[in-house]
Every structure is written in C-alpha cells, then in structure tokens.
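**Q** Put chains G, C and L on the given structure of chain Y with help from the hints.
Protein chains: 4
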Amino acid sequence: MAGSSFGTIFKITTWGESHGKGLGVVVDGCPAGLPLDENDIQKFLNRRKPGQSKFTTPRKEDDAVEILSGVFEGKTTGTPISLVVYNQNQKSKDYSEIASYYRPGHADYTFDQKYGFRDYRGGGRSSGRETIGRVAAGAIAVKILNQLGITFLTYTRSIGPISISSQNFDAAQINENPLYMPDADAAENAENYLNACIAEQNSSGGVVECIIQGVPAGLGDPVFEKLNANLAKAVMSIGAVKGFEIGDGFDVAKATGKNNNDAFRIGADGRPVKTTNHAGGILGGMSDGSDIILRAAIKPTPSIAAPQQTVNKDGEEIDVSIKGRHDPIIVPRAVVVVESMAAVTLVDALFTNMSARMDSLEMFYQH
Amino acid sequence: MAGSSFGTIFKITTWGESHGKGLGVVVDGCPAGLPLDENDIQKFLNRRKPGQSKFTTPRKEDDAVEILSGVFEGKTTGTPISLVVYNQNQKSKDYSEIASYYRPGHADYTFDQKYGFRDYRGGGRSSGRETIGRVAAGAIAVKILNQLGITFLTYTRSIGPISISSQNFDAAQINENPLYMPDADAAENAENYLNACIAEQNSSGGVVECIIQGVPAGLGDPVFEKLNANLAKAVMSIGAVKGFEIGDGFDVAKATGKNNNDAFRIGADGRPVKTTNHAGGILGGMSDGSDIILRAAIKPTPSIAAPQQTVNKDGEEIDVSIKGRHDPIIVPRAVVVVESMAAVTLVDALFTNMSARMDSLEMFYQH
Amino acid sequence: MAGSSFGTIFKITTWGESHGKGLGVVVDGCPAGLPLDENDIQKFLNRRKPGQSKFTTPRKEDDAVEILSGVFEGKTTGTPISLVVYNQNQKSKDYSEIASYYRPGHADYTFDQKYGFRDYRGGGRSSGRETIGRVAAGAIAVKILNQLGITFLTYTRSIGPISISSQNFDAAQINENPLYMPDADAAENAENYLNACIAEQNSSGGVVECIIQGVPAGLGDPVFEKLNANLAKAVMSIGAVKGFEIGDGFDVAKATGKNNNDAFRIGADGRPVKTTNHAGGILGGMSDGSDIILRAAIKPTPSIAAPQQTVNKDGEEIDVSIKGRHDPIIVPRAVVVVESMAAVTLVDALFTNMSARMDSLEMFYQH
Amino acid sequence: MAGSSFGTIFKITTWGESHGKGLGVVVDGCPAGLPLDENDIQKFLNRRKPGQSKFTTPRKEDDAVEILSGVFEGKTTGTPISLVVYNQNQKSKDYSEIASYYRPGHADYTFDQKYGFRDYRGGGRSSGRETIGRVAAGAIAVKILNQLGITFLTYTRSIGPISISSQNFDAAQINENPLYMPDADAAENAENYLNACIAEQNSSGGVVECIIQGVPAGLGDPVFEKLNANLAKAVMSIGAVKGFEIGDGFDVAKATGKNNNDAFRIGADGRPVKTTNHAGGILGGMSDGSDIILRAAIKPTPSIAAPQQTVNKDGEEIDVSIKGRHDPIIVPRAVVVVESMAAVTLVDALFTNMSARMDSLEMFYQH
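Protein chains in written order, with full-length UniProt numbering: chain Y, 1 to 367; chain G, 1 to 367; chain C, 1 to 367; chain L, 1 to 367.
There's no promise every hint is true.
Copies of the same chain are indistinguishable here, so a pair counts whether it falls within one copy or spans any two.
With a straight-line cut-off of 20 Å between C-alpha atoms, the simulated EDC-like cross-links for lysine to aspartate or glutamate are [to be verified]:
id: 1; residue 1: 313; residue 2: 97
id: 2; residue 1: 258; residue 2: 191
id: 3; residue 1: 21; residue 2: 66
id: 4; residue 1: 323; residue 2: 176
id: 5; residue 1: 21; residue 2: 319
id: 6; residue 1: 258; residue 2: 359
id: 7; residue 1: 143; residue 2: 37
id: 8; residue 1: 21; residue 2: 185
id: 9; residue 1: 21; residue 2: 63
id: 10; residue 1: 143; residue 2: 38
id: 11; residue 1: 258; residue 2: 362
id: 12; residue 1: 143; residue 2: 291
Treat the hints as calculated values from the structure; they're not laboratory data.
If we strip away everything but chain Y, and leave its shape as in the complex, we get (with noise of 0.2 Å):
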C-alpha cells in the first residue's frame, strides 16, 4: 500500500531511492505565504551530511536542493511544494555482491519477502538516504512554526554507554562536536568510545533526545489522534529506531503516582502552570503548555566489516564481511530527522486543532 506520504491537513511525500536518479518530497498543504527558498532547506540537509566528522562516513554526498514548485517571488503560493536532491555519487560497484544475500539487520531480507525482489544497491528504499525527504519537509515544518513562537532544541543524549550529564548541559555545546552532545565531557567519552568499536569492526547506538517549546496548549485529538501517539509513530517510521518515549518515559514504569503527578500552581501571568514536567508536555493525549520532551532510541548501525554469519539466495549458509563505507553510529545523523519528524507532526496537530471550538469557528469566519 501506499506507505510514503504522513500526515492529514499537512501532509509530506517522500520518494527516491540511494541510487535511483534522485530523492525528494512534495510537502501539501504548506499555507500561502511563507517565506521560503533553497537556503532554508540547504541548511537542514547538511546538518545531516556525512563527513563532518571522523565518525560519519567520508562518503562524498553533495545534496543540493532544488525546489520545483510551491514558490513565487520568495513565498509559498499554498500549492504543493516539491523538492528535489539529485544524487550525484552513487556507484553500484561497491554494492554488486551484496544482490547474493541477506545482510544482517536489514531490511533486504523483509523487501524480498514483501516484494519478491529488491533494488540491492546499497539501500535502496531503506537507505539512510530516504532521510534527504523527511528533512527537506522538516525544514519548512519548523520554519512554520519558529514563526507562531514554537522552537526545537535536538540533541545526542547518549551514545553506547555514555550519556550527558544535566549538571553539565550546555546546548551552545551541540554544534561544537561532531556527535551533537550538549556536554562537551562527555563528547570527547563517546568519541574514545567510538574509536575503540572502530578498532573492532563494530558500531554502537544511542539515544536522541528532543524538546519542543512554546507549543499552545490543547494540540492533539481524542482517542487516537493523540498527539503523543502521533509523534510515536513519526520518529518510529525512522530506520533504526527501536523504543519511543514521552516525557520520564520507561521511567514512570518504577514511578509513583506521588512522584510521577505534575502539580499545578499559578503562574507570573495569572495562569495554571506545572511545577514539574514529567509528562513530558502531554496529558491526556494532548499538549499541556510546557517543554514537550522526546526520546527515541537509535539500534547500532547493522552494515559492520566484521564477520556475520547470513544466507544466500540459494539457500546456503555463509559468512560474510560487508565491504565498503560504514558509519560506525547513526545517532547524530539521525538528530535532524528526529526534529524533522516531530516537526511535521506538530504542524498537522496545529492545523487539525483550529475546528475544535464553535467560538473560535465563528470568530475565524467573520471577516
């Protein structure tokens, strides 16, 4: 079935492939007149670019988007916005042999069954490059709601065993070293760490943390539609994610309702404030006005040199070492597209909540 588009009054489409012709998304329902151009999109798409670091691939990826509709004299006209990457630096040569076999945590062995054959160069469908869509439309998302006051702040949490500390916070720090880490403590930790799964052949997975601010209270519906619910199923249709949580998360499991329960008191501006947050932003389905706080965690990256043992497509057992360019984490790619996935989804809640209220239907059409 069709499985590329998300969302409902916003709603993004992704297509492309690593090493098709190119990849993009058309993003509908963009209202008219936001400003926007290539810039806006550009600086999205390298936050998520290889190469910035040792730890991320030297693969050389020039990802330039093009934007091919949507836009007149610098603004959105309302009309779908399609975008456009081209890839550039494809070669199918260092990908032939895989064709033979099912590489160990991916997803060939699932395409084949599904489908009944597969494109086998390097990821094809399930690439990490099917992320240049999510981001493109992240980018416009976010900038729709930086300007109704609602701002993002993703980060990496933890890699492997070393996570950031809160004494140590600092989110100036999160663009100061290759992994994202808003504790520079424990970025210089987890690239020793990383260096040492190098040395082995092996990778390591993490945690992305996000958190979402100035978000009006009341975005979400009733049941299903929960806002929460939502964004669980946005940052889990990323490759590599295997646990989603909102607010203490797994947490609350070893809580009390004592220690868990966000008291209520009145704010400097006379209004209902929590004095605690360990909902995380959400009750009862739907944003209660303060610091909405994401986690999303991030499995070790499958395609490692080390030996595995797979099968063939002729039925034969074997060992094999998957030649080629491995990033040893995904984590810190995955920070943009974690942002880029809630964003999208806040945008629809904020669109899908405008009909709630006869009031403010009268009001809205009485001009």
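**A** Below, chains G, C and L without anything else, positioned relative to chain Y:
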C-alpha cells in the same frame, strides 16, 4: 478534528464517555464470513473488568456487550459492526467536586484548554472506560488473526521495581494471579509492593509486554506505514502509556552491531530463519516472520487519595485529596487493551499488504 | 474495505441494516460548544419518514433518535456524538422469498459477488433506511453551518417529465405538498403522473436540487479536494443517484465561452461579485461566494410489483413480481439526504480551509 | 489543506504549476513487478499535447517525462515512482497583464480569496498543464489494469450541439480525427462548428465518455466508498468538469422502473448476466461485471479573445480581451485525463476489495 477512528482498510471508530448513556465502537472493514457472537467479545471485555482482584477497584460495572449490526446468521456480513455497552452504575455524586479543579496527571486541564469546557464526570472521554470500545474491537481483530494462525501472548512484565524473570517464565501463570504476571514469585512480590502503595495512598506504574506469533513476513509499508510505527501509534494512544519499544527496545542504545544484529541461518523448512530476535520481529519496518515483541510503559494511576497541590478554575492554588474509588495500578487492566490495539493494527497491515505484488494481484483476480 | 466513514476533520461513520437491531452514526470532529438535543436531529429524520403522503410507502416506522454520547449540559463536548435509531417494525416475512433470487436494479447481485452472501432481509445495508445515519449527521452539520450564516434550500426539481418552472418558483410551497416541489402547479401535475405510475405497477425517477447560500469564498482545495469533487462523491454515494452536476451542469456541454463565463462587477459592499452564476458557486474547485447550486439525478425505485425477468441462485431464469410495499418514487425522501450529504461535505471543507494562510494561522494562535 | 493526493492504497500526489520549473507526480502503492519505462508514460502524455490539430493551441510544449525512482531493471519495485516533466517553453510575458485582474471563468478570484495572493503566470496550479501529473499516473494505472484484463475506450461524445450517433459509431475513428470522436461525420460537423467559434472569438463545451470493460464484479464499498462515488470525485476534480453521470445518467430522472431496471438472464458461461445496462455497470455502488459507462460534461474554455466585463484588484470595473493563445475547446485534451482519473480510481478499488471475504484472505495467506 475527528480523532476517534483508527485504521485504513480495517477501521474502528469508538465513542462514549464514562457517564454518558454508553460506550461503543463501530468496526468497519471486517471481512464477510467470520463467525461472530456476543460471547467472543464479552470474553475480551471481561479481561478489563475491575473487581477481579483486590488491586483493581471494586466498582461494580456491568459491561454486557450487544451487537447492533453487521452480523447475520452467526457470521459477519462485511458491513459495519456496531457494538455497544450501556453504562449502568455510574453515579455522578462521587465526582461533582472535581468539576472545579484540575486533577494532577489527568486530562482535565488539557480538555479545558482545547474545548473550553469538559464533561467533568469521571474521566469523561479520557476515562479508563473509553477502552471498552478498543477492547470490543480487539476481540474481533484477534478472531480474524487467529483464523490466519496468528496468536497473542500478552501479560504484565513488571510492576514498579518487580519484574518477571525468564527462568521463572510460565505462561500458564498469567491467568492464575490478578496481576496477569507469567511468574508466580514475581506476582507475589508485586502484590506485597502494591499493598504498600495502598497503605501510603499511592499508586504504581509498570510495563505490559505483548508477543505476537505466526505473523507472515512482509507486513508494513516503508516508509511511514512501517509496522512498528503503526504499532507505536496504536499503543501510545492508550491512556497512561508514556513509552513504547520493539524487540530490545531502549537497550539497543547501549548495544553494538555485533551483539544487536540477528544472524540468518537456514531453518528446518529450508527457508531463512533468524538465530536471535533482537529486532523483535520487525526489520526495515516490515515483519520478518519471527515473533513480534513489543512493550508499553504505563504510568502510575494519577488519581490517588494522598493530598496534592493543584489549582481551581478561579485561579486559586489549593490542596486536594481525590476522594472515591481508585486503582493503585492500571497495568493489569491495560494488558487486554495493548493486545487489542496491536491486533487491530495487525489486521490493517495484513489487508493493506495484499496489493504489494503484481503476481499475487493477478492470482487473486483470476477466478 | 472500511467504506462507512466520510470526511477528514469532520467525519461521520454510519452503521446498521434495515432488519438489524438499529441504525446509527458516530459524528466525530464536531466542535465543542454547539447547542444540540434530540429535537434538532428528529426534525431532520422526520423529513425522510414515509407515510407523509400517499406517494411514500405506508410502512409504519418509528424513527426516534437517541443521543448516546458527545453532549453534556445541552452542548457538544467535542467528543464523538453517537446517535442511534432502533428498528421497531421490520418484519422479515415480507422478504423471505427474495433471499433466493436477484432483484433487478438492486444490489443483491453485487453484494453476493463481493461478500459471498448477504443479509437478504429488506435491502440490508443498501436499504433506504441506511440514510438514517446520514440524515442524523446532516442535522448536526446543518446546525453548525447555520451558526456561521450558511443556509440550505433543497427540493424536488422534477419528477419524470414534470419540472418546476422559474416563473412559478415559490419556496414556501416546498412543505405544502408531499413531493417537496416549490411550484404548486408542477406538484399537482406530478401527483397525477405518479398516480398513473402506481396504476401501472411502475415507478418514476426525478431530480433533487440544492441551493447553499452564504458560503464564504475559498473553500475546497485544488486539485483533488475540490469542493465540487467532494460534493459529487458525497451525493453520488446516496443510493439510486446516477448523475450529479454543479451550476449549469450538463448544459455547459452545449454552451459557449461567451454565454457560460460569469462576469465580475463591483458589488454594493465594494467587493467583486458575479453578474451571473453559470458556475454554480464554484470556480477552480473553490467556492466563489455566490450560491452553490447542485443537482442529483435519481433513478426510479427498482422494486416494482410488475413482473420482471431475473435469475435465482440456482442459475435458473425466472419471472418475479416483488411483493410488499413499494414507493413509486424515491425523490421526495432523498431531498433531506442530499441536503445532509452536502452539509457534511461543507463542514469538512470549512474546517480544512482554516490553515490555508500563514496570516490567519498566526492570528488564530495569538491568544 | 493537502489537496494534491488521491487514493487510499494506490495513491497519486501531483505537483507543479504552468510556469514553475516543472510538473510531476509521485505514484505510491504501485505493486512490485510491473514492467514499466518512460515510453509507457510518454504515450499517454502525448494524447494531451496541443498542436496535434488546428483546434488545440499551437503552443510548443516539450513534455518529455522522466522516471526518477521506483523502477529497477525495467520493473516497478513497489516503492514510490516519481515522474517529472520539466517546463520548457513557458514565457511569462504573455500573461503579465492578467496579474492585475480576475479573468471570468477562471480560478484567479477564488485563489486570491483562499490564499491572499496567487501565481498569476498562466493558470498557475489550475492551468491545464496540471493534468500532466494525472495523466502520467494514469498511464501506470492503465498498465496495471490491462495486465488484469481491464481495458478503456474513451472519446469525445459531443461538442456543442453535435453528438456522435450509435449507428455511425466506429472506435477506429477515434484516433483518425483531432477531436477524438468515434464517428467521422460527427467529427466533420464538429470541426465546422469549432471554426465558427474561432471566427467569433468564442469557445465550446462538450462531453467525454469513457467505457471500461472487463471489470470484475464487487468493486467499491458501501456506503461512502461506492465505486461511482469515487469515480465522480476523481472525474469532477478535473478542471472545467461541471457534471458527471453513470449509465443512463440524468436520463434516469425521466425514466420508469420498467424501462430502467436491468433484467438478469443466465449467460453462456452459466453465470448471471444483465440483458441491458442502464445502470452503467454499477449497482448498489459496486461494479456488476458489465461495462462501466461514465460521462463528464466539460465547460467551454474560459479564456476567449472576445471582450468581457470584469474587475481588477483596485476594485475597478474594466473590460478585457484576454490576449494570447487559446484553445476553442478543452474536450479533446480532456479525453486522456478522464481515462486516467477513472483508471487510478479503479486500481484503488481493486486493491481495497481484496480483504472483503475471510475465505479469500485465508487463501491469500496460505503459502
């Protein structure tokens, strides 16, 4: 926006509040020819009924389900199946006071923010009784899946600090203790823990685990309709769920490629089979033929008798003790809800997968 | 597939068969704060009830509607509104014979082809009683629209060869004759025509026309969610409808640019206004601020007492006379159904239009 | 709202404006294993290209399509197929003047009302070039359907007052005249009629008819996803379409039950077959196995050189003559667009029908 429907080809629409006339669900897209009667559904609803243990509230709820449409001569007709459970014993007087303030941890505040007012009786639309519709639909979904050889094993994995252990795992124990734990020792320890909570006017969180067996490979659609993404949305739409994970879940963050990848071997039937299942049965967003393993982290019941700080509608800070009948734990009641949502998701994935290949399409339409 | 829901943000889900326990609808996405009670809905349902004229069947149908959820203290809460009408007087014995053959012009044959069997009692899911859910939902939709200054004028435009005439047009006549024609002379001629049909054991078709006034400009979304396209789907989903048109409709085929274009002038309020309305209020798929004019062509009632040729389930050719109580005309009963479906479509279009522009988005979220 | 996608399981998303960089479509949900290349699509696009007759505008448009993704080694992979046609010859200077006023019969006014401004060059998103995406997708849909034995015959049925006649009907004539009429005499008369229109600086409307053969019975879902309802939405979403009908269409309004019902007989293969086809192949909203016959009424080209009254953006009443290159008739160009939209709808209906019965579900999942 309309948030009470879930699914594309197999779609459920729930309705009802805890203190309205009743609750129910319309199940649309159920194939014709499935044997179905009220018993099939009642069995499932009974798994959520309180009063089965001292740890679930002794509110007397008669939840007899009635089939209003969609079944003829004992089989589904392919037309929408409307199910209803009438509310019998919902007295308002226990709740009248809470109309005036926002209970911490509840959706009172966010409902008010979104809609301007709320049905304050009980939890209204966010009451635990809202799960009646989900579970009734789940009964039908599980019956469809069983006919196709797909089965569920769902239980409480942990309560507070007490987890089941793999050595002691015994599925037969699930229905032998009121906490639905497949480990008699863990169940006993958990009961002691909960007694302590009750004594302190407190509540506890926990984790539900669900194993799905017999799932054919290839279900789910890259990139946004991945099976794990839809399962995440389905399960996280359940009230009180703050985290979701597949396979090794958040543990993947600390793993390495060598110990996280599932190797392939040739199985007894000459077909590829995985030697481990860190992936939890889903690879590249599609089922891979092994067991699907998922987990939901559930927060402690927000309604506790202990005093809490909050604010009332007049903007005053107050202390409240929420009177009435409270569960110290939601988790055992959530077991059948998690199973139901997973089942509904899986049915939809089975249906939407049927058009994946030209050859099966041609075979299907050839008689 | 699930085919019983209609709408995106404002979504209705109907259920029920003519001889099941009841029929109903879940209306999801209704804004909170709309005053609503059973009367509002009953008024609409009464417009479809037979027995109001000698031309609609004297089957006694008690169609008292009940609100089961979604309303509190006289206003909608924003949660799904479940409405039910219980079947009172549906005897199976009138229909038992038809289980064995396919009635011409009915869905018996296609239901069998699709599902393998069918509920043969009455029309089952394709019975005229299926419109109960649509009309109940339509009552709510019209109430929302009325609050925003949008009103409907729906009536029978023609029956067989007899059409209303513009010179004789008198809206007040609509409720003065059982055929709902806004032209007393035409109504009289049509009654004579129908008497002739009855005498011949025959039935007649006709056209329903619906005029919607006060619609703001800009509703509808290029390219596939055009307002006329959604109205077409909504109205053509009504049983027995074989044609749909907007404005001059099929007459445009014989027109020329000079006599079909609607010129613009400046209106009394200084804003553009059209001098004619060949377009029927929709231009480029969006409402243009003038009256929306649409028409539905309705075929003759298929169930007639006159002998017809058909086949039975054993593959034999037979002649049948369909016994029982038949309407010689569907059209008057369809008037409120067309209005209801148009209303439901328009509400959805109003809601989905709210996010069209950045400036209104910013204004909406600024308090 | 996002209005540029159509379909549920087989979904097309179009993008592009007449004077942007290009136009295209993403076709998502195409089954894997369908042989496909640019030729397949180009053939369809060529059927819409102007310049093939003196009656379609001599604008030189190079509409060479390119496949950017979704095809590997000559077959579809099941992943989204992105198609693009780059704009080559769209000069803005012909259109600069119209930025200042609202052309009668065009969407200028409604676009402004909805979005606050518009891309005034050519028709922008409502240009006839928008059909490029639809037709490219239609090529793929028709190819899928052909593989399943379903074929299309689409043509111009009438232009202005000139209709084809059944006695003279000759499908072979369709491609022998630039008006795509299956009747050489009617084509000649129509050409004369159009010459007269051109001389008067006028334009004409007409009707497109489409016959679909080989459709299996049972496609479409009561009540809102009826096949005729979805075909109506698909076809009425095409620009300039003001009416849609199935089978006898609006003629049913003047018919009686005796002459409108299609009787059943036993066919050569021992299965029921209808003796007539007033229903146009759809009964109760589902295909009945006979030919599906549908018609679209298309209004005259709004852009005519003759003077017209309108208003400009400064609120002044003015007279305009729309300069530039105009088609006196849209209908022949719309033939392939109607066929494409019908095909896309039919593919989706085929896919969504596969889960209608438990027995076929069980058969499907048994290997």
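**Q** Compare the structure with each hint and give your call.
**A** So, going through the hints one by one against the coordinates:
1. 313 to 97: For residue 313 and residue 97, the Cα distance is within 20 Å only inside one copy (12 Å; across copies 58 Å).
2. 258 to 191: Between copies only: 19 Å across, 39 Å inside.
3. 21 to 66: Answer is both; intra-copy 14 Å and inter-copy 10 Å each pass.
4. 323 to 176: Neither way: residue 323 and residue 176 sit 31 Å apart in one copy and 52 Å across, limit 20 Å.
5. 21 to 319: Answer is neither: 32 Å inside a copy and 49 Å across each miss the 20 Å cutoff.
6. 258 to 359: neither (37 Å within a copy, 44 Å between copies)
7. 143 to 37: within (11 Å within a copy, 38 Å between copies)
8. 21 to 185: Neither. Shortest intra-copy (42 Å) and inter-copy (48 Å) distances fail the 20 Å Cα cut-off.
9. 21 to 63: both (12 Å within a copy, 19 Å between copies)
10. 143 to 38: within (13 Å within a copy, 36 Å between copies)
11. 258 to 362: neither (42 Å within a copy, 39 Å between copies)
12. 143 to 291: within (18 Å within a copy, 38 Å between copies)
Checked against the numbered hints above, the structure breaks hints 4, 5, 6, 8, 11 and satisfies the rest.
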